[in-house]
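Asker: Line by line, the protein sequences give chains Z, R and D. Numbering-wise, the first sequence is residues 19 to 333 according to the numbering used here. Numbering-wise, the second sequence is residues 139 to 655 according to the numbering used here. Numbering-wise, the third sequence is residues 9 to 279 according to the numbering used here.
A hint or two may mislead.
[Claimed, not checked] Looking from chain Z toward chain R, a few residues come up when the C-beta cut is under 7 angstroms (computed): (1) Ala67; (2) Phe230; (3) Ser240; (4) Arg251; (5) Gly262.
Simulated from the structure, these hints should not be mistaken for laboratory data. Glycine included, each C-beta is placed from N, C-alpha and C at the ideal position.
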Amino acid sequence: MLRYTFKRLLSLIISLAIASLVIFAVIEVAPGDPASFMLGINAAEDTLAALRAELGLDQPKWQRYLAWVGGMLQGDFGTSYQYRTPVSEMIADRLWVSLPLALYALALSTLIAFPAGIYAASRRGKAGDVSVMGATQVGVAIPNFWFAMMLVLIFAINLRWFSAGGFAGWDKGFVAAMKSLTLPAIALALPQAAILARVMRSSLLDVLDEDFMRTARAKGLSRGAALRRHGLRNAMIPVLTILGLQLSFLLAGGIIIEQVFYLPGLGRLIFQSISARDLIVVESVTMLLVFAVITVNFLVDLAYAAVDPRLRARA
Amino acid sequence: MSLLTISDLSLSIAGTPILLDVSLTLAPGEVVAVTGESGSGKSMTALAVMQLLPASAVATGQIILDSNDMLALDERALCTLRGDLVGMVFQEPMTALNPVQTIGKQVAETVRLHRPDLDPTQRARDVLDRVGLQAIPLSRYPHELSGGQRQRVVIAIAIACGPKLLIADEPTTALDVTTQAQILDLLKQLATEDGMGLLMITHDLAVVAEMADRITVMRHGAVVEAGDTPALLANPQHPYTQALLAASNHQVDLPRSDEQAPLLRVQNVVRDYTLPRTRVFVPAGTHRAVDDVSFDIKRGERVGLVGESGCGKSTLTRAILGLEPVQSGTITLDGTPVTDPAVRRKMQVVFQDPYGSFNPRHRVARLISEPFHLLDAPPPDRDARIASALTDVGLSPEDAHKYPHQFSGGQRQRLAIARALIIRPELVIFDEAVSALDVSVRAQILDLIADLCRQYDLTYLFISHDLSIVRTITDRVLVMKQGQIVEEGATEHVFTEATHPYTQTLIQAAPTLPGAA
Amino acid sequence: MNRTLILGGGLSALMVIAALLSFVWTPFDHSAMNIPEKLQTPNGTHWFGTDHFGRDLFSMIMVGARTSIAVACVAVGIGIGLGVPLGLWAAARQGGWVDEVIMRGNDLIFAFPSLVIAILITAIFGAGAINAIIAIGIFNIPVFARVTRGGALPLWAREFILAARVAGKGPARISVEHILPNIANLLIVQATIQFSLGILAEAALSYVGLGAQPPTPSWGRMLADAQTLVSIAPHMALVPGFAIILTVLGLNLLGDGLRDALDPKLRVARV
């Protein structure tokens, strides 16, 4: 197990290093000089040069890359070109919206999908299965931002149960904050739940065909008991993969939903920074998201090993 | 008073009839074998007793197990009987156990379900000891055990509650001969010691010849003959049983071959595989699959290669075909290394799996003419050669336009032979070429090979785990164990006077029918 | 014939027909403004109603289908064109360094949040259909590479491949002659799924203003226009929304139907 963890950790570090290089390179080739963007088209050449020097833009690329990565390792994400405030502070504020939103949505998605998938698998081919699967087909096809608009139309504009947008802030209390995240979380969660329920079902059905399920039935376990005691854990492996992908998708995928609900999260930050050519912010937010995805994948790998003893041995 | 009585059992699955009026009885402590070729319905009979049939199955007739009417009981009642009154052992030990649960838990679960008066863990330990796994801790996972050990665990699960009936569905088919012998001994011992009834399902008459009290022979879902084992084997009444016995004991008439010039020469061949690294700073270990192997095959000679799974015979085969690099040693055909493309056209191969050895999307003409790729230019008489290759193996030239799925398993193996022979190779390798076939089909293919020997003076290497086949179809035999050739000699001589202890064990372990040569 | 296939094929065909028909005929000029007739609900003249400039929504949906289909088509094409050869190559060199590099590269692309990168690409290189296609297409490459390799690996262990090797055929030839035809079903089904995802992604990018630019109509931008007016003209959001849902639903059903019809045991990656 230790060796397995160590190997995964090593590949995590290598992935992060390559990812940071790629992000840095993409931002480097981006057209547009942040300095002239900040000072306007009419800025004098020597003021521009002074600003570039101040921002560190005149140094060689490899030095800037090392400075950027080195800074991040110490929690210093640089200073925003636009606002002249530390990027880490900006990100921290926004993270308090985006991360709870992602976790909220993931919890909703799991709570809906697991029972739905297990129910459909246990009623394979019967009316219950067909209707759950039909609902998931539609769920997969719904764009989440459109679904968000419909939620706003029904629950905010017509029923007035929720506000149409904006974030109450954690200082207004947990309930108020969560309430303003509820519609966005539902909008994010339902299409994801549809996918998760389908994976859960098909993975359970695959396991039902396995020989060891017949052994379990020959022991005297009922169909349901065999499914619970022997099927579920074996079916979890593909489900874990999707869960991991979903958490990262929800973190990044909040971007568009945040636009719909005017939530001050990472998504809005990245949009604002792109249009303001505040590249250091774009770079750092992207890196943070990639870091989150890779870390989640790492945790999923560890979860695999916890579920499947064969992996622990093979590594 | 019989323990199990099946009377007039008929079964259909989704409208297709599977069983027709099957009747069978089994007394406590008795061993009854149900045998037949694929599609005979023998496995379905076993599953019907367990009432573990597919959802679309409809059964009529009666199955009385220890005064329980199995067809009339509801699912809840059946669950209390399964595992307690009747246990079952399956064919494939590699997949029959839950991979993510320890073996101890899996055995203990049966006890927990049916015998609340017993300590499940203690009972699991006792039962595992009973099936000969004294040295294996309960905390092991299935993947840490060998195939034979896993089959013992499956048996332990089945007998944990001391059932009155044990059903074993092809329990040794997936195992090596020596392991097979051990598992059969264990099953027999359990039946005698506990007075348990044993219902053995098998395709191999030889397996049950020594242990079954009675045998039921099935064909196309119906019972063709049933009787006491010695009487049935000595004096079969039904023509099908007679044919089955004859096919199981089939001896081919191999023409003599006198040439002495060496064709294939394998000299000191070593093939190592690198194992995955276990520590970062320690060099990766190696596994020696083929260890200093040397032998010759003379022109016109038919050589057998036997050994159990993992002995290195597949690796050696691929190395001879030039598909696998070797670390040291040489393999030459007519003096040229087999890695030379020019030599490739002198060798062809017939594989085991009649279903996997053809691209399902190509027609027969294209499939069997694939070796023409080895020639510098396709032969001008391509179509004529395809037609004659098909005729040679007992098929018709019109078959060239069909797809492989339109043929039966035996016919596909004929196609595989046609493909191997179409460029008139000097050496053919038969890699478990008849192992996946039913006995009657197997006999026909063996006859075909003997016929082709007469016609074309074939030289071949026949690789098999089945000693009885190698005995009839080869002149000389090599016995392989752990990457080495441990014994080599004229086939008949090796079978009658084996010198190496491993060869002796193999020959002893192989089940034989009484009266077989 | 199974019903899923008919329903899915029907819906998909409807969208393709609408897109093709829009080249020669639409009820109204999709870009013609007609302020007096603005914000009409669906009626006999304007079947799907009009938007805030009085443009005919039915015509805009027809022309918008063109954009969606074109973007998704090319994006899937990029995925197949690059992903399938890479997957075949990786499978032919299983366990070797080529396989390792290709698969690690795949993992790396998967590690990037696709939407963020798409936004980054379109934001940096300019919004527009071409950049949207590239951004969506890049993320199709690892999907097809992985599915191809996954489908090819078990085939490489099959005996008919060994037989082809004994017949002297090289890895490239075997990949094209034997592997590709046997994974074609898998790729077709995966392509329909990626196609539907492409339509969703194009809609999302257009919605945030990074997809096709005006005057080219697109379903996503129609939704963006509808957002501020959703309380007074909900049909403006409902019409393009249903267009997207029905198209994606149709493609997914088509994929499932094809899978059932071609081979129920196919292993498709659906994320």
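Asker: For every hint, state whether the structure bears it out.
Answerer: To see whether the hints hold, each was checked on the structure:
1. Ala67: 50 angstroms, violated
2. Phe230: Holds. Min distance 5 angstroms.
3. Ser240: Where the cut-off is 7 angstroms and the nearest Cβ of chain R is about 5 angstroms from Ser240(Z), the hint holds.
4. Arg251: Arg251(Z) check passes; min Cβ-Cβ to chain R is 5 angstroms, inside 7 angstroms.
5. Gly262: 19 angstroms, violated
Checked against the numbered hints above, the structure breaks hints 1 and 5 and satisfies the rest.
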